[in-house]
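Trainee: Residues per chain are reported as follows:
Number of protein chains: 2
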Amino acid sequence: MRLSQFHLATVKEVPADAELTSHRLMLRAGMIRKLASGLYTWSPLGLRVLRKVENVVRDEMDRAGAMEMLMPAVQPKELWKETGRWDKFGSELLKIRDRKEQEFVFGPTHEEVITDFARNELKSYKQLPINFYQIQTKFRDEIRPRFGVMRAREFLMKDAYSFHLSPESLNETYEVMYQTYSRIFSRLGLKFRAVQADTGAIGGNASHEFQVLADSGEDAIAFSDRSDYAANIEKAEALAPAGERPAPRAELKRVDTPTQKTIADVSAFLGVSPQQCVKTLLVRGREGLVALCLRGDHEINEVKAGKLPELPDESVLAPEEEILSATGTRPGFIGPVGLPGNIPVIVDRSAAVLADFVCGGNADGTHYTGANWERDARITRVEDIRQVVEGDPSPDGHGTLQMARGIEVGHIFQLGPKYAQALGATVLDDQGKAQVMMMGCYGIGVSRIVAAAIEQSHDEAGIIWPEAMAPWRVAVCIINPKNLPEVREAAEALYRKLEGRGVETLLDDRGLRPGQMFADLELIGIPHRVVVSERGLASGTLEYRRRGEAENRAITEDELFTLLA
Amino acid sequence: MRLSQFHLATVKEVPADAELTSHRLMLRAGMIRKLASGLYTWSPLGLRVLRKVENVVRDEMDRAGAMEMLMPAVQPKELWKETGRWDKFGSELLKIRDRKEQEFVFGPTHEEVITDFARNELKSYKQLPINFYQIQTKFRDEIRPRFGVMRAREFLMKDAYSFHLSPESLNETYEVMYQTYSRIFSRLGLKFRAVQADTGAIGGNASHEFQVLADSGEDAIAFSDRSDYAANIEKAEALAPAGERPAPRAELKRVDTPTQKTIADVSAFLGVSPQQCVKTLLVRGREGLVALCLRGDHEINEVKAGKLPELPDESVLAPEEEILSATGTRPGFIGPVGLPGNIPVIVDRSAAVLADFVCGGNADGTHYTGANWERDARITRVEDIRQVVEGDPSPDGHGTLQMARGIEVGHIFQLGPKYAQALGATVLDDQGKAQVMMMGCYGIGVSRIVAAAIEQSHDEAGIIWPEAMAPWRVAVCIINPKNLPEVREAAEALYRKLEGRGVETLLDDRGLRPGQMFADLELIGIPHRVVVSERGLASGTLEYRRRGEAENRAITEDELFTLLA
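These protein sequences, in sequence, are chains A and B. Counting from 1, one number per residue, gives the positions in the first sequence under full-length UniProt numbering. Counting from 1, one number per residue, gives the positions in the second sequence under full-length UniProt numbering.
One should not assume that every hint holds.
What the hints assert, rightly or not - Calculated lysine-lysine pairs in the DSS-like style (CA-CA distance at most 27 Å, straight line):
#, chain 1, residue 1, chain 2, residue 2
1, B, 95, A, 95
2, A, 88, B, 34
3, B, 123, A, 12
4, B, 497, B, 482
5, A, 482, B, 126
Claimed, not checked - Distance ranges between label pairs, derived from CB positions:
#, chain 1, residue 1, chain 2, residue 2, range
6, A, 431, B, 2, 25 to 31 Å
7, B, 485, A, 124, 26 to 32 Å
8, B, 87, A, 103, 20 to 26 Å
9, B, 535, A, 429, 34 to 40 Å
10, A, 431, B, 485, 29 to 35 Å
Hints listed in this document are in silico derivations from the structure and should not be mistaken for laboratory results. Ideal placement from N, C-alpha and C gives every residue a C-beta, glycine not left out.
Here chain A stands alone, though its shape is the one from the complex (with noise of 0.2 Å):
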């Protein structure tokens, strides 16, 4: 491409709205304009880059095995209805009314398109296992849409379904996309993992995320020194500290705390490490408050807390005045040793082997030493409820536990009957008997793969792309102040080579000054630049850098042929 010919408007301001640096580097290099509250318009050169992670995405998915369709945008309320999720979805879910009254939704999501796509065309087990993707515009209605594409309202998505008649098949599926997406991730260019993840609100068993390693990143991941062991920190588990229970040594003693409500004030006024403290939370159960105790060090995990029976799926701290009625006691001042027998006591594994510990006394101003469980203090069960931290051991038994930021750009999930449940969809297995079929879900947010690799590669000039996704590889400028033909003879010839050879190549012939040109080159993250030059033409070399690097190379021709090759 010859950039004269190209549409580049890069920008020095940005709005102060735009805090992360993808956002703002994406809005300077002129990717992206904002239309309004998340929606945007890509640019010629946005899009360049947004389709590489297109092709790449569809290529993968294509030697899968899967097969591209397309489903409408517009889905019918009927089907939402069905499944139960016109309801449940939220105000994420972008309701419409057309012109009969009739509604429908901008489809964040496929699930009960395809299912009922399937239902029709899915008669016998003898066309299953069967993988069905679309790359393809949705719409979540974001209360607070921000970070520029990242966590816009309008992206592009890859989806993919797929349909079995036994959970073995949707286990053999699930390890072919976990398969495949490691694979498009890695021929991105990008450092990512794949991590252990919740199943949340979509259902169903087994689910990984893929996460780009960076740290602006919103999830927070742990993962093992030693091993492929990762996982989203609200998924990790948090093993049992190795050994057995000490036996109680100390006396139980009631200690004066006035105004030590913390543990971090407690454990000071008290002299003892947080790791010998106990925290009690009192937070609203199915019936009835429920304590949780954690190590004083430790912090709750609310998604491993809502998977508890006693607990609704989003718990939440019970008020003061609920507390000081129950137990007459204010918060702060809480412990497990004589609460009241109707309050369940869930004890976090690593908080159950302690012994002799510090917690709330059960009277406004007052703790205890030298408490006990079983002896002076109530376990009702001891479940994994705490997140975890750094140095853990490893759930998979090898390493320890480090942290990471990530930004997610994938999500695989085993929704085993749910959609196919609601809706109806079966086929005939061998026997001739209609059976539902499992589903497994697979989803990629291919515009905000975009985003994501420049929050894990960029620097002060702007960004850095992996060569994959480059809108082109290399950028070849002139710089002919005397605009003497040979120069600019010279520059056409080699980038008419370069072309020739497949490699996609930017011509910078907009005649700028050398600072300028180049600002612009490394701001849209060209991975290689050469200088065509009367200099250069003299010595029969090219001026080469690499983006990222700090110094210029003299090459020749064929050396950075073999370098693009």
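Following the hints, position chain B against chain A.
Mentor: Chain B only, in chain A's frame:
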């Protein structure tokens, strides 16, 4: 592609409401499935064809120097307010309210969004001319969606928008787009005509429609039998008949025509030809009634009439009471002779050259014979207000007009400054002065092309794809009732050779009976079919049939390669 690994689901029965051949065949072939009124899922088979069209469109747009981008489907109300189309577009505009009660539309077209983009991105005349396009899902809330994807609500469209400093530059790009569209439809293997069209609601100056010729087409086209002239019938000019109006010879006579109100009845009753009669329509003008006079055998062209200064854009016939009160006469007996002086008389060119004609008597139950313009009847103005008919002289002076039916698949417009003016989209010219940009817009109905191609090319057995649109160019069928390994291997080898030569090939390895196999392949329209069988292997030949031909031919493998080269 091995058909055993593809989701092909042909069906025998289609719903009764599928009236149009292309709709029926697309359903029978399993290319599309209806999700809701005007909303269709494209199956893997259908999408393969849709992508072929999309890729040819993209390739030719790129070659023409247009730049692909991607705008949001959801557009904010404010922009539509700025151009006035929020109110004027009508109820085909699907309006959406988000969770914050802000209003949006699901874009049926993108003039507003691109002009907003341009007013922010384009600053200088040096950036012009420029041509942006996208291939994207659009929505029009049709009152009566029908004919499958031919008139769906959600559809895939290529829309392009060019920006210019001068009308000359707009003209140049318009001409390039005209040629590009011609190349696109030629490459797709379609019989089409570029016809002059009315600019309609989008406004602007020049406009051409690209019509795929098909008897079932909704649009009537007039074209010359001796030149390139072609026009939408709404637009085709009816020339004035050659020669002067003859001098009056007959006397004006009022005759009784007690029950004869129509031209057919009057001309039969009086024994004159309809060509010798003048029919008079009284329509509601901007200020009172207007008389439109046509030759008895001609029909009014409402688009032409709508352009008369006396008439509103959409004129309606005056109701009986209004005619009665204005003229004292009932419809059927109105004529230009003695019409009240306040009613303008607009006479069509062909009616204006008549002498001694028959017309209404302006008294119930009577007509005049021997009527003559000027002598007996006023002419306010002579205009072209009729529909052309077959045999009319071509307006370009070459040949006579023929009629055909067409399906509109493309439309190019010179919009001029309309949208740029409304949205204040200006650039600085070479004098540093702000100038409103001129615009062109260029649409192609990508999904509609698929249906139009089928309307143009099918037979009893199913679709007959042009090579460029076929899901696969050739099908290799295995007929192997004895399940001989050499037959299977020969078919596999041929399949691999064809794919190796870049010929998209479908291997029908489903093991069906030949009849079923051939019926499917004919239905889905594969252009070339070869059979590998025991008998063929023995003779060293393949049984070949071109889709649409009635006979098989025995050909060698080399002959097949030559044929597909």
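Trainee: Which of the stated hints cannot be reconciled with the structure, identified by number in ascending sequence?
Mentor: none
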